[in-house]
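With these hints in hand, go ahead and build the complete structure from the sequences.
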Amino acid sequence: MASGMFDTPIVGVVNNLFGGLIDAPVVGRLVRRGLIKIRYVGRRSGKTIQTPVGYRRSGDGVVIHVMSPDSKTWWRNFLGEGGPITLLNFDGADRTGHAIASRDEKGRVKVAVQLG
Numbered sequence: 448m449a450s451g452m453f454d455t456p457i458v459g460v461v462n463n464l465f466g467g468l469i470d471a472p473v474v475g476r477l478v479r480r481g482l483i484k485i486r487y488v489g490r491r492s493g494k495t496i497q498t499p500v501g502y503r504r505s506g507d508g509v510v511i512h513v514m515s516p517d518s519k520t521w522w523r524n525f526l527g528e529g530g531p532i533t534l535l536n537f538d539g540a541d542r543t544g545h546a547i548a549s550r551d552e553k554g555r556v557k558v559a560v561q562l563g
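In my numbering, the protein residues as written are 448 to 563.
Because the hints were derived from the structure by calculation, they are not lab data. These numbers were taken from a predicted model, which means no experiment stands behind them. All residues carry an ideal CB built from backbone N, CA and C; glycine is no exception. Incorrect hints may appear among the rest.
[Unchecked claim] Cut-off 27 Å, straight-line C-alpha distance, at most; resulting in silico cross-link-like pairs (DSS-like, lysine-lysine):
# : residue 1 : residue 2
1 : Lys484    : Lys494
2 : Lys484    : Lys519
3 : Lys494    : Lys557
4 : Lys557    : Lys484
5 : Lys519    : Lys553
6 : Lys494    : Lys519
7 : Lys553    : Lys494
[What the hints assert, rightly or not] Quick list of the computed label-pair ranges, beta carbon to beta carbon:
#  : residue 1 : residue 2 : range
8  : Pro472    : Asp551    : 37 to 45 Å
9  : Glu528    : Pro472    : 17 to 25 Å
10 : Pro472    : Gly554    : 37 to 45 Å
11 : Met514    : Gly489    : 38 to 46 Å
12 : Gly527    : Thr495    : 18 to 26 Å
13 : His512    : Asn536    : 17 to 25 Å
14 : Asp517    : Leu482    : 20 to 28 Å
15 : Leu482    : Ile547    : 19 to 27 Å
16 : Ala540    : Asp517    : 32 to 40 Å
Shown next, in the form of structure tokens:
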């Protein structure tokens with residue numbers, strides 16, 4: 448379950464701030480080099496969710512390293528066989544892909560996205 452600072456109202460404010468920066472006409476291009484908005488459908492809720500995340504390009508896809516994974520739940524939608532994901536305004540267009548989350552022996556979580 449989400450807990451700690453990631454379970455407070457300030458998170459919504461920060462996400463909205465970064466979401467706005469990603470879409471900003473002047474600085475957006477620079478911000479999008481390391482941040483992107485993702486959209487996916489929650490496995491249990493069935494709701495469409497959109498949130499900004501940090502990413503790095505990796506071959507034909509991207510890797511999202513999840514900071515404080517035990518305090519967040521979004522990445523759990525991609526455990527096991529994973530699921531569909533959309534990277535919004537990635538290289539100028541919305542790009543769909545398949546995301547799979549994994550946790551290493553040190554507890555770090557990454558979500559690997561293979562773009563379609």
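Hint check results:
no.: 1; hint: Lys484 - Lys494; verdict: holds, 16 Å
no.: 2; hint: Lys484 - Lys519; verdict: holds, 16 Å
no.: 3; hint: Lys494 - Lys557; verdict: holds, 22 Å
no.: 4; hint: Lys557 - Lys484; verdict: holds, 16 Å
no.: 5; hint: Lys519 - Lys553; verdict: holds, 17 Å
no.: 6; hint: Lys494 - Lys519; verdict: holds, 17 Å
no.: 7; hint: Lys553 - Lys494; verdict: violated, 31 Å
no.: 8; hint: Pro472 - Asp551: 37 to 45 Å; verdict: holds, 38 Å
no.: 9; hint: Glu528 - Pro472: 17 to 25 Å; verdict: violated, 39 Å
no.: 10; hint: Pro472 - Gly554: 37 to 45 Å; verdict: holds, 39 Å
no.: 11; hint: Met514 - Gly489: 38 to 46 Å; verdict: violated, 20 Å
no.: 12; hint: Gly527 - Thr495: 18 to 26 Å; verdict: holds, 20 Å
no.: 13; hint: His512 - Asn536: 17 to 25 Å; verdict: holds, 21 Å
no.: 14; hint: Asp517 - Leu482: 20 to 28 Å; verdict: holds, 22 Å
no.: 15; hint: Leu482 - Ile547: 19 to 27 Å; verdict: holds, 21 Å
no.: 16; hint: Ala540 - Asp517: 32 to 40 Å; verdict: holds, 34 Å
The structure fails hints 7, 9, 11 (numbered hints given earlier, in ascending order).
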